[in-house]
Structures are given as structure tokens and as C-alpha cells.
Amino acid sequence: MIRDLLLPDMLIEGVQMASVLLLAPLLTGLVRKVKARLQRRQGPPLMQPYRDLRRLLGKEVVLADNASWLFRVAPYMIFAVTWVAASLIPTFATGLLFSWSGDLIAITALLGSARFMQALAGMDIGTSFGGIGSSREVMIASLAEPAMLMIVLTVALVAGSTQLSTIAVFLASPEAGLRVSLALALIAFIIVALAENARIPVDNPATHLELTMVHEAMVLEYSGRHLAMIDLASFLKLLLYISLIGCLFFPFGIAQTGSGLQHHLVALALWLVKLTIGGVFLGVFEMSIAKMRVFRVPNFLGAAFMLGLLGVLLLFVSQGM
Amino acid sequence: MIEAAAYCVAALLALAALGVGVARYGPGRSTIYAASALVCVALMWIGIASLGADAARMKLPLGLPWIGVNFRLDALAAAFLALVGLGGASASVYAIGYGRHESEPGRVVPFVPAFLAGMTLVVLADDAFAFLFAWELMSLSSWALVMAHHREEGNAHAAYVYLIMAVFSGLTLLLAFGLLAGPQGSSPGGFTFAAFRASPLPPATVAIVFVLAMIGTGSKAGLVPLHVWLPLAHPAAPSHVSALMSGVMTKVAIYGFIRIVFDLLGTPSWWSAVVVLVVGGVTSVMGVLYALMEHDLKRLLAYHTVENIGIIFIGLGLAMAFWANGLAAGAALALTAALFHVFNHSVFKSLLFFGSGAVLTATGERDMEHLGGLIHRMPKTAFAFLVGCVAISALPPLNGFVSEWLTFQAIVLHPDLPQWGLKVAIPADGALLALSAALAAACFVKAFGVSFLGRPRTTQAAQAREVDAFSLASMFTLAAICLLAGVLPGAVIDALAPVTQALVGAHMPTQMDRAWLSIVPIAEARSSYDGLLIFFFIAVSAWATALAVHRFASHRLRRGPAWDCGFPDPSPATQYTAGSFAQPIRRVFGTVVFGSRETVTMPPPGDTAPARIEKHIHDPAWETFYAPVAAAVGGTADWMNVLQFLTIRRYLAFVFVALIMLLLVLALWQ
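These protein sequence lines map, in sequence, to chains V and L.
Position 307 of the first sequence, counted from 1, bears residue number 307 in our numbering, the numbering being contiguous throughout.
Position 432 of the second sequence, counted from 1, bears residue number 432 in our numbering, the numbering being contiguous throughout.
Just so you know, these hints were derived from the structure itself, not from any lab.
Label pairs and their in silico Cβ distance ranges: (1) L:G52 - V:G302: 43 to 51 Å; (2) L:G421 - V:L22: 49 to 57 Å; (3) L:S571 - V:I277: 48 to 56 Å; (4) L:G560 - V:I289: 37 to 45 Å; (5) V:M306 - L:M58: 49 to 57 Å; (6) L:V592 - V:L22: 40 to 48 Å; (7) V:M306 - L:A621: 19 to 27 Å; (8) V:I289 - L:P605: 30 to 38 Å.
Partner residues aside, some chain L positions facing chain V, computed with beta carbon under 7 Å: (9) I375; (10) L395; (11) V412; (12) K423; (13) L453; (14) R526; (15) T545; (16) V549; (17) F581.
Yeah, the Cβ is synthetic: ideal placement off N, Cα and C, and Gly gets one too.
Use the sequences and the hints to build the structure in full.
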């Protein structure tokens with residue numbers, strides 16, 4: 001587990017931490033662009049999320065009179081927790097220096113911590129919008145999180161490990177093959193990823209109709225640098241989920257420990273391709289489906305939970321499934 | 001060591017007796033609590049020191065003349081002794097401050113040391129008589145504490161239900177021990193645990209003893225559907241006693257289960273593991289769903305105890321499943337997970353009950369709908385309570401996550417078990433555990449968000465004052481333990497190694513000598529977790545980000561009225577309440593589980609009558625299991641009521657008929 005503190009490992013970890021942070025706004029910009037083009041609009045430029053962040057960071061914070069310390073600490077905590085979770089995922093290389101410090105269950109739980117802080121911050125000012133956002137967020141999470149854990153258990157049973165590096169190596173090997181349980185897990189994972197990232201059909205990231213919002217209602221009171229941190233955290237989360245789909249279900253080309261620089265560069269390029277494909281798919285999917293009523297969402301997520309459970313059950317019945 | 005533990009018990013009993021006299025005087029009360037805190041620290045130290053030591057025995061010439069009273073301090077007893085000590089010490093320190101506001105000190109102070117003594121004796125007991133005596137001492141003294149404020153509405157009812165369930169639990173355990181003793185029970189020493197271990201029982205008897213033990217200890221621990229007394233009784237007691245009952249007494253019940261099923265009965269059969277898994281899984285989800293429907297802070301916490309007991313039983317069931325199949329390493333992992341969760345729950349549940357007690361002291365309210373905004377008035381309590389909320393929601397980097405992580409590791413460890421019952425029960429429990437963890441987080445967002453955040457809903461909440469230093473010291477100590485056990489889980493796992501070694505013959509690999517203090521349950525390639533590094537990463541990146549943003553971007557700040565999409569409402573009544581917060585979840589889960597319905601009465605346009613929303617919730621456990629029994633008892637009593645108003649001739653006739661019947665039976669018998 002503790003390899004010698006090799007420079008390459010440090011470098012890979014550093015590249016990973018920096019690249020997830022730098023690419024995350026671009027990915028969101030891409031999704032927005034794809035959606036705009038499909039609506040026959042020009043759409044904002046790809047770099048717009050960076051500009052938004054810079055603008056927000058430069059502005060002063062307008063804080064509600066009765067905001068507590070929790071409200072001011074939460075944006076940094078949410079961002080930090082999401083960033084730590086994102087830097088534990090082998091996006092292009094498995095030789096991450098600290099990937100052993102948290103496995104897939106820990107990553108799921110870290111995202112849970114971020115959501116916990118976010119939902120609390122939504123309730124801090126004591127407005128009805130914050131409350132409605134937090135209340136619906138925890139309702140969605142109460143099904144999305146168990147569904148995610150079921151997917152984790154499925155993958156862990158297939159690979160015999162919950163450690164992401166081991167899982168990625170195993171799934172990239174021909175031994176993994178095509179499995180029913182992984183197919184079920186993939187469908188479930190896509191549903192969970194849509195819900196976790198507040199995308200259509202669960203939530204609408206671009207809505208201005210207050211009663212249909214979940215995530216946006218929770219962060220309604222935020223402004224300035226606080227809002228920038230929360231936005232950046234949600235960009236990161238989108239990147240994290242698409243990378244996770246890549247790492248778990250399409251792990252081909254991932255650079256393994258000990259492979260050369262060339263291989264790492266190829267893997268990096270492949271990761272970018274995977275992210276682009278994921279972003280385009282997300283944009284197309286969002287345009288081709290309508291948002292659900294809030295009480296239809298539990299059925300949608302319940303399906304993901306059941307698919308995940310089915311995958312686990314299949315693997316308990318037969319390890320080859 | 002065991003002699004020292006016995007002296008501690010004697011000291012606690014002496015404190016109880018002394019408490020009767022001095023409870024009326026403030027300094028006397030503080031002295032009693034301070035002394036019992038010291039004794040509990042000693043107990044904790046004894047427990048920790050004897051974890052790795054050989055089992056020590058002791059026999060006192062008390063109790064029944066032909067067996068005496070046997071005590072034994074082995075690894076399992078030592079672990080739970082440490083737990084009782086920790087819980088008792090923190091509750092006693094808390095009570096030094098909290099007890100000043102006690103309106104009925106005479107009804108509380110003497111019983112707390114007696115309660116602590118009872119729990120310690122259960123853990124130490126090494127024969128059936130001593131165990132049952134201590135068990136009943138624990139039940140009775142806690143019953144007295146539940147009755148302390150008997151004039152408050154509902155408390156007498158709570159105590160009555162508790163008493164009935166306690167009697168029921170004692171009865172089933174009595175029968176279980178009777179069967180364990182078997183025919184040789186009448187011989188000298190036939191009721192000692194050593195004799196139980198030595199004599200093998202036929203499988204049918206083992207099955208009955210297992211079921212009886214499960215009912216007897218499960219009703220004390222709060223397994224669904226035997227949990228009904230728990231959310232009534234735990235909140236009714238003073239808060240430090242609630243913490244003891246939820247945090248420690250339920251764990252003593254789990255000790256009883258482990259002692260009888262793992263130690264006295266030996267290797268379990270696979271079907272008993274299925275029973276434990278099913279009951280544990282159902283308990284965990286039902287407990288948290290009940291909690292979500294609740295708006296009384298202390299009752300919410302009590303229902304969460306039910307949930308956590310379910311999680312512990314899932315771990316125990318997994319250990320039994322692996323043990324039944326001869327997989328000792330897996331059994332050690334699952335048992336460690338269960339015991340770790342026992343420790344964790346004891347710490348954070350005590351912390352949360354102390355927090356709710358602080359809120360009660362400051363505002364006089366337990367109902368969350370009357371609270372709000374306390375983070376401004378009671379910042380220290382709010383912080384400690386928040387730590388407890390994060391820990392119980394199983395979020396990293398605190399301790400609750402580690403034990404659930406270990407349980408998940410045990411769930412995915414052996415998908416190749418041969419029995420079909422286990423092949424279905426284990427994945428199903430994985431799903432239920434995942435569901436209950438997510439719902440618990442939702443519930444604690446509600447509990448903390450509604451009570452401590454937002455705007456105050458009543459004047460009491462708006463004028464709350466921070467509580468005293470003793471209460472805060474106790475809460476912050478427990479919060480620090482939550483963090484320490486979360487970032488250094490290896491220390492706890494290593495401490496539990498002798499316990500699993502003694503029970504299932506294996507223990508998890510030593511953790512504390514690993515680099516970076518990470519934990520590795522089975523193998524490095526399989527899974528590892530490093531709470532310390534995760535905590536360090538989060539802390540550093542949050543701190544560095546905040547610093548960078550303030551340094552290079554903007555640090556200007558302006559206070560203004562809340563935005564609220566342009567329609568801020570000055571009335572705090574427009575905030576989300578506990579009921580409205582849980583409404584979506586009530587609608588998703590409650591319609592199935594609780595048959596919950598909402599009816600909205602909307603007056604026609606022009607009518608000034610208020611619109612009304614009414615919610616109806618049914619308690620399935622009460623209506624299915626208890627209401628019929630209560631109705632049958634009531635009906636029989638009504639029917640027999642006639643017998644109270646008969647003439648003397650008829651009574652004499654009854655006596656005569658009864659005599660004839662007895663003689664007839666006797667004649668037929670012979």
C-alpha cells in the first residue's frame with residue numbers, strides 16, 4: 001500500500017488534483033454549450049463558467065443578518081470535501097499516491113458529507129426556499145445514496161475489492177468480461193449520477209421557476225465568493241461522476257502503476273475524450289427528456305436502487321454473473 | 001482487577017444509599033455525582049486494563065446459599081465494563097451541572113449510582129442468578145428514574161409500558177437460563193456460566209434458548225417490534241439518565257445477547273444468523289423511519305437508538321453467519337464492526353442526549369417546532385451537537401462512518417456462502433443498511449436544522465442561554481472521542497482484538513503498526529481507509545482555499561436582510577418546520593410503512609376560514625402486536641369484573657368447585 005514516496009506518484013497525484021479542478025468548469029461549459037446548440041441557440045462560450053467564477057470571487061458577499069458561522073464555513077467545507085473525493089478517483093492513472101486512504105465507499109460517504117453541510121446551510125437563514133430545497137434534497141439523497149452504495153457493492157463483489165485502483169485494474173483486464181450485474185449497475189449509476197448532479201429529469205440546473213428547484217433553492221441565499229465555491233464544488237461533482245463512470249465501466253486505456261510517461265499521456269488524452277463524450281451525452285440526454293414532478297423522482301431513483309440490489313443479489317447467487 | 005471492580009460496585013451502591021440522605025442539598029448532589037464520576041473513571045480504567053488479561057474470577061458468599069455469587073472479568077466483560085465506565089463518567093460529570101435544575105432531586109440522585117451499579121453487575125455476573133438479579137436491578141432503578149417526573153403528562157404511562165416490557169424481558173431470560181441449566185441445574189454450581197458452557201444441549205433446546213435470549217435481550221435493546229417502550233421511556237427520564245439508558249443500557253442488553261449466544265451457546269447454526277440479520281435489518285430501517293416522523297427531539301434520538309441497535313445486530317448476524325460456516329476471519333471482522341458500533345453509538349448517543357438536555361435546560365422545550373436559531377444563543381452546545389449529528393449520520397471523518405464501513409466490508413466479504421437463506425439475507429441487509437444510513441443523515445439534517453438553525457420560533461428559543469461548564473465539558477469530551485475514534489480507528493480495532501479472539505477464535509490483523517495509521521481489514525488490495533489522512537486533507541484544503549480566496553479574491557462582506565427570492569417574510573412561522581421538512585420522506589416511505597395520509601381542507605374563495613392540513617400516522621408495531629394483546633387483557637378483565645360483586649355463598653361455591661376440580665385432576669393424573 002505505501003509505496004516508497006516516488007516522484008512519479010507524487011506527480012500523478014498533483015496532476016490529478018490540479019486537472020480535476022481546472023477541467024471541471026470547462027466540462028460544465030461544454031454541457032451548456034451542447035444544450036444551447038440543440039436548442040438552436042448560440043449559447044455562452046465554453047470559457048463562461050471560468051469567467052463567472054472570477055466575477056463571483058471578486059464581488060463582495062451579501063450575508064443575511066441572521067446567518068451563522070456554519071453558513072460561512074459551509075462553502076469551503078463543501079468544496080474541500082468534494083475536491084478530496086475527486087482526487088481519490090483514478091481518472092487517468094491508478095498510481096495515485098493516496099488512493100488507498102479512501103475507497104469507493106469512503107468517496108460515496110464524502111459526497112454525503114458535502115450534501116449534509118449543504119442541506120444544513122440551506123436551513124440556516126430560516127427562509128422557506130432554503131427549507132424546501134434542503135427538504136427535497138435529503139428526500140432525493142435518501143434514495144440516491146443507498147442506490148449508489150448498492151452499485152459500489154456490485155462492483156466490489158465483481159472485483160473482490162472496494163479499492164478504486166484495484167477495481168479499475170481488474171475491470172480493465174480481460175478477466176472482467178461482460179457481466180449482467182455490471183450492466184445493471186451502469187444503468188443504476190447513470191440514474192444516480194443524474195440525481196446527484198441535480199440534472200434533468202430530477203432537478204433543473206438552469207431553472208428560474210422557484211418551486212421546481214432543489215439545488216438552486218438551497219443555495220439561494222449565497223452570493224460572492226461563497227457562491228463561487230459552491231458552484232465550483234458542483235462543477236467538480238459533475239466531473240467526478242463522469243470520471244467515475246469512465247473508471248468503473250469504461251476503464252480501457254487507464255495507465256497502471258509502473259507504465260511509462262508516454263502511456264500516461266495517452267491515458268490523459270483518453271480521459272479527456274471520455275469526459276467530452278460524457279458531457280455531450282449528458283447534454284443530449286437533458287434536451288431529450290422533460291423534468292419530472294418531484295414525487296415521480298422517488299420511483300426513478302427507486303428503480304436505480306432496485307437495479308443495484310438486483311446486481312448484488314445476482315453476484316451472491318453466482319460469482320460469474 | 002476484579003476485586004477492584006467489585007469495590008467500585010460497592011462504592012456505587014454506597015453512593016446510592018448516601019444519595020437518599022443528601023439529595024435535597026445542592027452541594028450533596030454535586031458530591032454524589034462527582035464521586036460516581038470518579039468511580040466510573042476507575043471502572044473504565046479497570047476495563048481497559050483487563051482487556052488483554054486472562055479471565056479473572058471471584059466468588060462472594062452472597063445470594064443463593066448453594067451457589068453464591070460468581071463474578072468473572074474476561075475480555076468481553078472488560079470491553080463492556082470500559083463502556084459502562086465511560087458512559088457513567090460522562091453522564092455523572094454532565095449531571096453535576098444539569099442536576100442543578102432538577103425539580104425532583106430526591107427521586108433522581110439515589111437511583112443513578114444504583115443504575116450504574118446494576119449495569120456493572122450485569123457485565124461482571126458469571127452465574128444465572130447473579131445475572132438476573134443484576135438485570136432486574138438495572139431495570140428497576142431505571143424504571144424509578146423514568147418515574148422521577150411522574151406528574152408530567154405521559155411519563156407514568158411510559159414507565160408502566162417500560163415496567164411491563166422489563167418484566168417480560170426478565171421472564172424470557174429466566175426461561176432461557178432454566179433451559180441452559182437443564183437437568184443438572186439442581187446440582188451445586190449448576191447455574192454458573194462455566195457449567196452452561198461445559199454441558200452441550202440438544203439442537204432443539206439450543207434453538208429455543210436462542211429465541212428466548214433474542215427476545216429477552218432484544219426487548220431491552222429495542223429490537224423491532226419489541227422497541228415500543230424505548231421511545232416512551234428514554235425521553236421521560238432526566239437527560240443524563242436518557243443518555244445512560246440509550247447509550248449504555250441498550251449496550252448492556254447487547255452484552256447479554258453476545259454472552260448467551262456467542263459464549264454460552266457456542267457455534268451458532270446458520271438459520272439463527274438469518275433470524276438475527278432479518279430482525280437487525282428491519283430494526284435499522286424502521287427505527288430511522290420512526291425517527292423521521294418525530295418532532296420531539298428526545299424521542300427522535302430514542303428512535304435512532306432503535307436504528308443503531310439494528311445496525312449492531314446486522315454486524316452480529318454477519319459474525320454468526322461466517323462463524324457457522326467456519327470462516328473465523330470473517331466472523332472476527334463482522335464482530336469487530338458490531339462492537340465498534342457499540343462503542344461509537346454509546347459515545348455519540350450520550351453526546352446527543354446531553355445536547356438535547358442542554359436545549360431543554362435553556363429553553364424548557366423538547367419539541368423542535370418550538371425551537372430554532374439556537375446556534376446563535378448556544379454556540380458551544382450547537383457545535384458539540386453538530387459533531388454528534390455528523391458522527392451518527394455515518395459521515396467521514398468521524399467515528400460512525402468507520403463502523404459502518406467495516407460492516408459493509410463484512411457484507412461483501414463472502415458472497416460464496418453455501419446457504420440460500422444467507423445468500424438472500426446478506427445482500428438484503430446491505431441494502432437496508434445503506435438505506436438507514438442515508439435516512440439517518442436526512443433525519444439529522446432535520447434535527448439540527450430545525451432546532452439550531454433558522455430563526456427562533458418562540459420567545460423561549462429566542463432568549464436561550466448557553467449552559468454551564470460541566471455540561472459543556474462533558475459534551476466536548478465526547479465530541480473529541482468521536483473525532484479521535486474516527487481518525488484513529490486502528491486503536492479501537494486493536495483494543496477489541498482480545499474480545500473477538502475469545503469469542504470466535506480469531507481477530508482482525510493488528511492495525512496500529514501500519515504506516516500512516518490506515519486500517520486494512522483483510523488485505524491492502526481489497527480495501528483500506530485512512531481517517532487521519534482524509535481528515536487532514538479536508539482540513540488543509542478547506543483552510544488553504546479559504547485563505548487563498550480571502551487573500552487573492554475578495555474578503556469584503558456586507559450584512560443585509562435575507563434575500564428569499566425577493567419575498568422575505570418577517571414571521572418565523574414561514575420557515576420549514578420538522579413536520580414539513582420530513583413531508584417528502586413521509587410521502588415516499590410513510591404511505592407504505594405507516595399508512596400515513598394527509599387531508600387538506602381548503603375553504604372556498606371568499607371564505608376567511610383557515611385552510612387546514614391534517615396528517616394521520618399509524619404505528620404498525622403497536623397496532624399489530626400490542627393493541628390486540630392490550631384489548632384481550634382489557635376484555636378479559638371486564639368480563640371477570642363480575643366476580644368482584646358476588647354474594648358470600650357464591651364465593652364459597654367457587655372455592656368448593658375449585659377444590660373438587662383439583663382433586664379430580666389429581667385422581668386422573670395418578
